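Engineer: Just so you know, the protein sequences line up as chains A and B, in that order. When the letters of the first sequence are read in order and numbered with this note's numbering, they come out as residues 9 to 407. When the letters of the second sequence are read in order and numbered with this note's numbering, they come out as residues 1004 to 1291.
It is worth saying that the hints were derived from the structure and are not from the lab. Keep in mind that a hint or two might mislead.
No more than 20 Å apart at the CA atoms, straight line, and that leaves these computed lysine to any residue pairs for SDA-like [unchecked claim]: (1) A:LYS277 - B:TRP1161; (2) A:LYS237 - B:TRP1058; (3) A:LYS237 - B:SER1121; (4) A:LYS277 - B:SER1121; (5) A:LYS315 - B:TRP1120; (6) A:LYS237 - B:THR1061; (7) A:LYS237 - B:GLY1064; (8) A:LYS277 - B:THR1061; (9) A:LYS200 - B:LEU1110; (10) A:LYS237 - B:GLN1265; (11) A:LYS277 - B:GLY1011; (12) A:LYS277 - B:GLY1064; (13) A:LYS315 - B:ASP1123.
Among the chain B residues that face chain A by a calculated CB cut under 7 Å, a handful are [to be verified]: (14) GLY1011; (15) ASP1123; (16) SER1133; (17) ILE1149; (18) SER1177; (19) ASN1178.
Note that this is a predicted model, so its numbers are computed, not measured. Glycine residues also receive a C-beta, built at the ideal position from the N, C-alpha and C atoms.
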Amino acid sequence: MAARTAFQNLAGRLAIAVGATALSLCAHVAPAAAADPIKVGIVVPLSGAQAGSGELVLRGYRLHIDEVNASGGVAGRKIELFTEDDRADATTSTSAVEKLISQRGVVAILGSYGSAPTTTGSDVSERHKIPYIAAHAGELRLHQRGLRFFFNIHPGGPPRDVALATFFAEVLKPKSVAGLHSNQAWSIEGMKTLATALKEKAGVEIRQDEFPANTPDMSGQLTRIKAGKPDLVSLYGLDSDNATFLRQALELGLNPRHISVLGDVRASKAAAGLNFDTVLMCDDWFVGLPGAENEKYERLYRTKFPKDTPDRFAVKAYAAAQVLVDALKRARSIDGQGVRDALSATDIPTPVGQAKFKEDGQRLGTFVVAQYQKGAPVVVYPESARTSDAQLRNWRGFR
Amino acid sequence: MLSFEVLGQTIVNGIAAASIYMMISLGLALVFGVMRVVNLAQGEFMMLAAFGSFWLFTLYGVDPYLSMVAMIPASLLLGYAVYRLIIRRLLGADDINQFLATFGLALMLQGIAQYLWSADLRRLPYVLPSLEVGDVTLAGVRVVNIGVCLAVLAFLAWFLGWTGIGRSVRATASNRMGAMLCGVDVRRVDATTFLLGTAISAVGGTMLALVYFVYPSVGAGLIFKGFAVVILGGMGSIAGVIVGSLVLGITEAMVNVYVSSQLSALVAFAVIFIVLVSRPQGLFGTAR
């Protein structure tokens, strides 16, 4: 009996000793938790029609996060990325963001390509009080939803449309203008704003026409436009639409004095073989845009991807990642609310310009008009950023 | 807006689109007419040929109209493998099995193309001078495409009307059992028909690459147009394919210019509904 009691005592002491050791081990583990990686989610289209753009957006996000991790991370914590493919589809984006937040426990989302997946993805993110930073979503209504956790690197359509209308009125002075926009909301909104602004500034009406986004055939629209003999055709479409437009304009003999598109006309692989000289483009960034941040970015990009030219997809994603990392460094706590509060106070230089958000989460930004001259884009408007005068001669088509 | 210039240009645009629709529909109609198999992967054969011509031009500068010829033996090899491994086993199977098997094949070919070449939209940077006929501009490549399409139709007319195997194809399409009883080797006819369909798709693929984007799912979009054409013309009817393609192409172009580009995308589906409800055998088909 005594032996049994002694054994029980010994067992009890052993249990206490094992428990204490376990607790002390836990105590050692606890400080290590502070060095756990910071989890960040990425939602981009990696399949479907927008996969090419999505891969470049992902490249931009990773470029900066890899840079930060290589230099020690944020306060000694690495950033761990979790990527989901949303196919640029609104429904898929909802489940992708839900998965990243609920299952992966991310503290912020770097957003998709296009306004539709961004709208649904950021709705989910808002519900979980997790910041969503968009890089490529231009629709006006994104910022009319009263979201508090939504931030957007894209400065939005109206500043771009007004800048373009001002350029048309002051420099091109067209007598008749045809406007061709896609059936996407951002494009319809944009053309409407451009038309209103041009009417106010120059008293010129825009004859508008519509096409389905990503269409391989605009021959019907171009036939109508050609019959109207406009001085200027302004196209509001995706990169692939720019390529289709130029290709078919050439085939159908549509050659107005001025052609204006959005973004960089060379961005689509479908534009291969075209000569872009004299084509006008409007965006907030172009390769070679003067400025220390952009020069640094382009050097980094060319070092990492020596065969590729810096593109507008990756650069905006890079800027979004810069904004997030800056917020993580300044956040009072690494959680949704802490990061959100830090994001709202952002004021840093990026390759696409200063990043500072309005109340509604949209970045304040300026747009420039560029023109391809001798195979490279040069900024022709506004005066403050101009690197060359606009060449006012007709487009010549293929190389 | 209703000027002769616009009308003429619209009809030309419609005929150019019809030449592409004809290429996908001929393969569908031949295979269905003889084998009673709806090949949902017909568009993917076109897609692969389009990529073939695209890469031959981009990497080696091969003229697309030469690569069009090179694509034919390549497509015959692929077509034969598909016929032996899949299609032959589906003959006489339930419609749903045929649908699922060829749909699966279509998805697989799309997936392989996406893995190899990504989902980027590409375009063959090839142009021929445009022709001006009055106020109408004829895009060079579209004119040549129409010529190629006419050449394919002429070849098909000769093949089906003047060769022994062609007559066997027609006999089998008309009455499979009767053809068998008369000593026609229907297995050989099946293989020939399927390979003929893939060869036409190869030609169509290059035509496609010259005027559309090249990307992995380009064939999936076209297959619906092909269905609209064969349903309109009458399942299995070659004459029906020609008329159906022209009707669809020109109607789409007219709706695009005179009504709405949004509605023009719905023309093919409207055709399918209207024909199936009012005349299920199509314009040139006979009720079974």
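Engineer: Give a verdict on every hint.
Structural biologist: Here is what the structure says about each hint:
no. : hint                 : verdict
1   : A:LYS277 - B:TRP1161 : violated (40 Å)
2   : A:LYS237 - B:TRP1058 : violated (37 Å)
3   : A:LYS237 - B:SER1121 : violated (39 Å)
4   : A:LYS277 - B:SER1121 : holds (11 Å)
5   : A:LYS315 - B:TRP1120 : holds (17 Å)
6   : A:LYS237 - B:THR1061 : violated (35 Å)
7   : A:LYS237 - B:GLY1064 : violated (36 Å)
8   : A:LYS277 - B:THR1061 : holds (12 Å)
9   : A:LYS200 - B:LEU1110 : violated (40 Å)
10  : A:LYS237 - B:GLN1265 : violated (24 Å)
11  : A:LYS277 - B:GLY1011 : violated (32 Å)
12  : A:LYS277 - B:GLY1064 : holds (17 Å)
13  : A:LYS315 - B:ASP1123 : holds (17 Å)
14  : GLY1011              : violated (9 Å)
15  : ASP1123              : holds (4 Å)
16  : SER1133              : holds (6 Å)
17  : ILE1149              : violated (14 Å)
18  : SER1177              : violated (37 Å)
19  : ASN1178              : violated (41 Å)
Checked against the numbered hints listed earlier, the structure breaks hints 1, 2, 3, 6, 7, 9, 10, 11, 14, 17, 18, 19; every other hint is satisfied.
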